[in-house]
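Spelled out, the chains give:
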Amino acid sequence: MTVYSVYIINRAGGLIYQLDHANPKTEVEKTFSYPLELTLKIMDERVVVAFGQRDGIHVGHTVLGVNGDNVKGRQLEDGREVLEVIANQENYPIAIRFGRPKLSTNERIMLASMFHSLYAIGSQLSPEQRSSGIQLLETDAFKLYCHQTLSGVKLIVLADPRQGTMEGLLKKIYELYADYALKNPFYSIDMPVRCELFDLNLQATLEATERTTFYAPGS
Amino acid sequence: MTIYNLYVFDRFGTCLFYQEWNRYKQSGMSKDEEYKLMYGLIFSIKSFISRISPMDFKDGFLNYSTNCYRLHFFETPSGLKFILNTGLNVGPMREVLQHLYSGIYVDLIVRNPLCSLNKPIESLLFKTKLDAYIRGLPAFTADEGTQH
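Protein sequences, first through last, are from chains V and D. Okay, so the first sequence: first residue is 1 according to our numbering, each after it adds one. Okay, so the second sequence: first residue is 220 according to our numbering, each after it adds one.
You may find that some hints are simply not true.
Quick list of in silico lysine-lysine cross-link-like pairs, DSS-like style, CA-CA up to 30 Å [what the hints assert, rightly or not]:
hint	chain 1	residue 1	chain 2	residue 2
1	D	265	D	338
2	V	25	D	277
3	V	25	D	338
4	D	255	D	265
5	V	183	V	172
6	V	102	V	30
7	D	255	V	72
8	V	102	D	277
9	D	277	V	41
10	D	244	D	265
11	V	72	D	244
12	V	183	V	171
13	V	25	V	183
14	D	338	D	255
15	D	244	D	346
16	V	30	D	277
17	D	250	D	348
18	V	72	V	102
19	D	265	D	346
20	D	250	D	265
21	V	41	D	348
22	D	346	D	250
23	V	102	D	348
24	D	250	D	338
25	D	255	D	346
26	V	172	V	102
27	D	265	V	171
28	D	348	D	255
29	V	72	V	30
30	V	25	V	41
Computed footprint of chain D on chain V; a stretch qualifies when at least three of its residues, placed anywhere within it, have a C-beta under 8 Å from a C-beta of chain D [stated by the list, open to error]:
hint	segment
31	8 to 18
32	129 to 142
Treat the hints as calculated values from the structure; they're not laboratory data. Glycine included, each C-beta is placed from N, C-alpha and C at the ideal position.
Here chain D stands alone, though its shape is the one from the complex (with noise of 0.2 Å):
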């Protein structure tokens, strides 16, 4: 059980905030390149997903996994996005990311007239305040002596 890297977007595209806490391998391209990499994938799985579905959704997209890892996805209806990485043993992370957006980022940078929203975050405080949010997680007792 782990979390690897929370990413979050705004509705443009643009990466408003980068995380990493336990990440074991790089992509092997510039933090930007991969920002757009990661922003096209969720924006591609979104389109895929309408278009592919059987029937009618509400939320849409919500996690996926591979052999190794979860990615998960919470869009709120501004269009602001969060996509969290975490190991594969760690169940819905949806409250998680609810909070971050209404419990840290509302509060924390919404109402700080000092922060515009369309820029990447650099406030202190949110950034303390999220690193200890997420390191106080169940899911992110990490165990490294096992699997590294």
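Okay, chain V solo, but in the shape it has when bound (with noise of 0.2 Å):
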């Protein structure tokens, strides 16, 4: 039983909370010695993976640490160019670690308002008439639930393909957020939610539904 993260989205596509509960592990560190049969580029800031998908580092992959020093942007924590570094013939046999990468805040955000518009879009192209938006999107590697609340405001799960279905933890979710984010008197609506006992009981919901056998495997 998974749960990877959990969004909160405003009635106008804001994200007003985030949290990553379990990250499963994707990094591979590998040494090369020279010259790398790898195709590096520079993608958005990050140094990615261009060509030469092998021994489970994906074209896509950004390089996350070079020597075991972690890579900051496209630079070494030192201030050296990582691609400069890779180039140079006198730093091999090098040891490169790859791995997805972690999405910034400001990624989440827009992702966030992003599916706000996806949800809506897919209640427009409805074949039936008074559909509602998307509110179970599946691939091969996450489902993601989501619940919209009579306010509009939305409830995102990312879970674990395999897991059985996520509603009653949706419920729980909104549960919390009434309970601990909308009575607190500090918290003003549509705004981020900054409450300590929010915070405190989404998690130990989390863990809860990690530990129960409630929702059965496959669905």
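Since each chain comes alone in its own frame, lean on the hints to assemble the complex.
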């Protein structure tokens, strides 16, 4: 039972809460000798694999570390350019760590508003009368569950695809949002949720959900 | 259980084929606009998924459901996209869409020298075969009486 992350989107499409619960390990470290068999290029201020998929390193993965040093954007922590370090023969053999890039806050905000519009278009293109928007989106890596409340707030859960339904968890998160965010006198509606009690209880709920066998696998 | 409609797009976003069976609501725009919106929706969902996914995936987007219908998606390596809307109690349609491609499209369009690959499909044989195949599916048995 794995819940990857939780998103809450307000009625205007703004991201007001985000939590990464479980982070599946997708990093690969490999030592290379000169010359490097992979083609790397800069994309969106990141060093990305452009060609040469091998040993669990996929096209689209970014360089996360070189010889144990972390990479920030296109530079190492000490300010050296990643591409220059990798191009220099003297640095070989070299150990490079690859993985899926972690989303930045800005990207998350963009993805949230993107889903907000996808939800609306999903209902517009419906072949049936009075359809809601996307409630469940399936891929082979995860399932995305979305529950829109009567007031237009969207609660989104990303979970393991082998899992049974998450409707119960979404209802529970809505309950927590009502109890610990909306009833908090310092919280103003449609603004980012920064409530300690909400954080604590959400964490507890997710952990409880992962332990229970209530949600039968496969649906 | 019912099947609503089918869209086939090429990799440039041209709608090659569209057919509807039991569609109860039109989108309220011209067909051309609707195709563009549908292609845009699929394109954006794919980009959305590739970014939000916590891990690597193989096939990517498979289907989504609302409270009324389910949209099934299948893309060939050449970028041809098959989109099928069905009722909610219909199981995975991946094999069906795969058959539409390998059994019907490849046989009747790709191997037909008279059909051009990046123009809307006009082959009558293709239309008849596809219609017969969809109508013969167990998922097709429309229960119009109970819902409408």
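Checklist line | Earlier hints that do not hold, by number | finding: 3, 7, 11, 13, 21, 23 and 31
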